[in-house]
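Novice: First to last, the protein sequences are chains A and B.
Going by this note's numbering, the first residue of the first sequence is number 1, and it counts up by one from there.
Going by this note's numbering, the first residue of the second sequence is number 1001, and it counts up by one from there.
Watch out, some of these pointers could steer you wrong.
What the hints assert, rightly or not - The calculated DSS-like cross-link candidates involving lysine-lysine, where the alpha carbons are at most 27 Å apart (straight line), are: (1) B:K1391 with B:K1298; (2) A:K99 with B:K1100; (3) B:K1291 with B:K1260; (4) A:K94 with B:K1100; (5) B:K1100 with B:K1045; (6) B:K1045 with B:K1298; (7) B:K1418 with B:K1100; (8) B:K1045 with B:K1022; (9) B:K1045 with A:K9.
What the hints assert, rightly or not - Only some residues are given here: those of chain B computed to face chain A with a beta carbon under 8 Å: (10) Y1109; (11) N1110; (12) G1202; (13) A1313; (14) D1342; (15) V1343; (16) M1364; (17) V1385; (18) R1386; (19) K1418; (20) P1421; (21) L1422; (22) M1424.
FYI, nobody ran anything at the bench for these hints, they're computed from the structure.
Ideal Cβ positions, reconstructed from N, Cα and C, are used throughout, including at glycine.
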Amino acid sequence: MTDQASRGKISREEVVHIASLARLGLDDGELDAFTRELGAILDHASTVAEIDLRDVSPMSHPIALSNVLRDDVLDECLELEDLQSNAPDFFEGKFRVPKILDEP
Amino acid sequence: MTSTQRTSFPRQGVRETAIAVKTRFQSASDVLSDCLEEIARCEDKIHAFNLVLDNQARQRASEIDDLIARGIDPGPLAGVPVALKDNICTREIATTCSSKMLERWIPPYNATVVAKLQDAGAVIVGKTNMDEFAMGSSTENSAFGPTRNPCNLDYVPGGSSGGSAASVAAGFVCCALGSDTGGSIRQPASLCGVVGVKPTYGRVSRYGLIAFASSLDQIGPLCVNVGDAALICEVIGGYDPRDSTSIDEPFSGLLDSCDKGVDGIRVGVVTELLAPASPDVQAAFTKCTDKLAAIGAKVDEISIPELSYGLAAYYLIAPAEASSNLARYDGVRYGLRVAGQDVESMMRATRSAGFGPEVKRRIMLGTYALSSGYYDAYYGQAQRVRTLITKAFGRAYESFDVLLSPTSPTVAFGFGAKQDPLDMYNSDIATIASNLAGHPAMSVPFGLGANNLPVGVQVMAPTLGEAVMFQVGAQIEGLAQ
């Protein structure tokens, strides 16, 4: 268990950082509310962080999953028009987005 | 009589309706007209639907009537009006998840369960309101306004499948599908006084169910009686190559299980799940277990202390998976886009405008639980608790055939009554363990609690244990009469 987890709280700076990782723009009011609410939820969650479970293996899924593969045969698939009609900006068969890199 | 008192009641069940249609006692078109009239009369007060498919449904009902006129059996759900939670994809019909993010999205394909319902002769009447992206326990988190409980309009219907539960309780449809990630079928079923079933994880294909927490999500029915729910499970269940977590096991004979009685069946009352319930809920629940014992069930208490970690583990695992699943809503391929200078500000603007507060809260929580430095302490530890709970259930099922608890610790609560997120999360205290373990569980109405609002009894069973679950559920239903 890390020191951060044992503290169980989250600072406003951490909330700002997490929001940037999650690509959420939060206003001051939201940042204040989330700092308070996430702190309380993480406090509650720390009951889990405190149990000694070193000998218990983690479970990611209810079903023991092995690789699920299908035969390599052609199946129905979506038409380009289906994608186009739902796309915010579709140009020459591609999804168009605002610039990704700064001009050199 | 005040305006909030009950004015709408459940209609006849799935099987009765299908028989009436098949024997030409009533046409599918007449059944549908009844439903649409009831919707026209009460929907503005209840708001169960995001969308009512008036024309498509009428056309479909008339197709069913044509088949019958030509002597062709339309299937076990001939002319049965059903509603779908608005996170189940319907081809060329809006599927919004009650979110601004998907308000204008039109799925280009049907979920497997939709195709199966249609192949069985069902008539899809509409898409039901829900907590945004299925995150919530009251349907107050819908971006399109809350649903009201048909039993009493001053109270929430529960959630997140609140619109589905309300559509059945109000008699708008015979049956609705919901999805259950931590209790989202069972809890609203309990609060609205209808039957709700979460099958074993993998029993019902998730193809076309918009993902919330992929290792927990499962589709299931909400119905007016237990036998109907068994039939719907048989129709929508089964192996689907399009869902890589689909179980290849037969899913039949459930309806037959409903007539088997409970003589000698070992019923365990889980003390950790009964204790948090309010006195009125406990009283109704105890009456149920007393009556079960009187008809031959072997009822005993069992303590499963590991379950007390369930809520905390769930509220790390579900948000972690949600933060990953909802990363796809970035304004690039489909859904809302809000303009921005560069791609990152476009994504940030889109997600900030498209998601409501609870969805943002869970994305934040999940992103935090998965971030480096915290992963082991929170997410990793929660996954270990999941193992702990599953093993504890396994030990309990050595001594018991089914486990029982109240579905919800309280009857329906008022709008705005649970402002504190943790308070709201506590609504799921008895339901989440089954999701963590992947087990089947159902809620059956049993009596009334505070304010004359319905109480639900939860029947839990081990993996693939639906037969015994329905066996006990059907008897509880009989005892409630």
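Novice: Now look at each hint and say whether the structure bears it out.
Specialist: Going through the hints against the structure:
1. B:K1391 with B:K1298: Satisfied, since the Cα-Cα distance of roughly 23 Å is no more than 27 Å.
2. A:K99 with B:K1100: 25 Å, holds
3. B:K1291 with B:K1260: 16 Å, holds
4. A:K94 with B:K1100: The hint holds at about 24 Å.
5. B:K1100 with B:K1045: It holds: about 22 Å lies between the C-alpha atoms, which stays within 27 Å.
6. B:K1045 with B:K1298: Distance of about 44 Å is beyond 27 Å: violated.
7. B:K1418 with B:K1100: 23 Å, holds
8. B:K1045 with B:K1022: 33 Å, violated
9. B:K1045 with A:K9: Cα-Cα ~42 Å, so violated.
10. Y1109: Since the shortest Cβ distance to chain A is 7 Å, the answer is holds.
11. N1110: 12 Å, violated
12. G1202: Cβ of B:G1202 sits 5 Å from chain A, so the hint holds.
13. A1313: 5 Å, holds
14. D1342: 5 Å, holds
15. V1343: Holds. Min distance 5 Å.
16. M1364: The hint holds - B:M1364 has a Cβ within 8 Å of chain A, the shortest such distance being about 6 Å.
17. V1385: Result: holds, 6 Å to nearest chain A Cβ.
18. R1386: 4 Å, holds
19. K1418: Constraint on B:K1418 not satisfied, violated at 13 Å.
20. P1421: 6 Å, holds
21. L1422: For B:L1422, the interface hint holds, since the closest Cβ of chain A sits about 6 Å away, which is under 8 Å.
22. M1424: With Cβ-Cβ at 11 Å, over 8 Å, it is violated.
Hints 6, 8, 9, 11, 19, 22, counting from the list given before, are not met by this structure.
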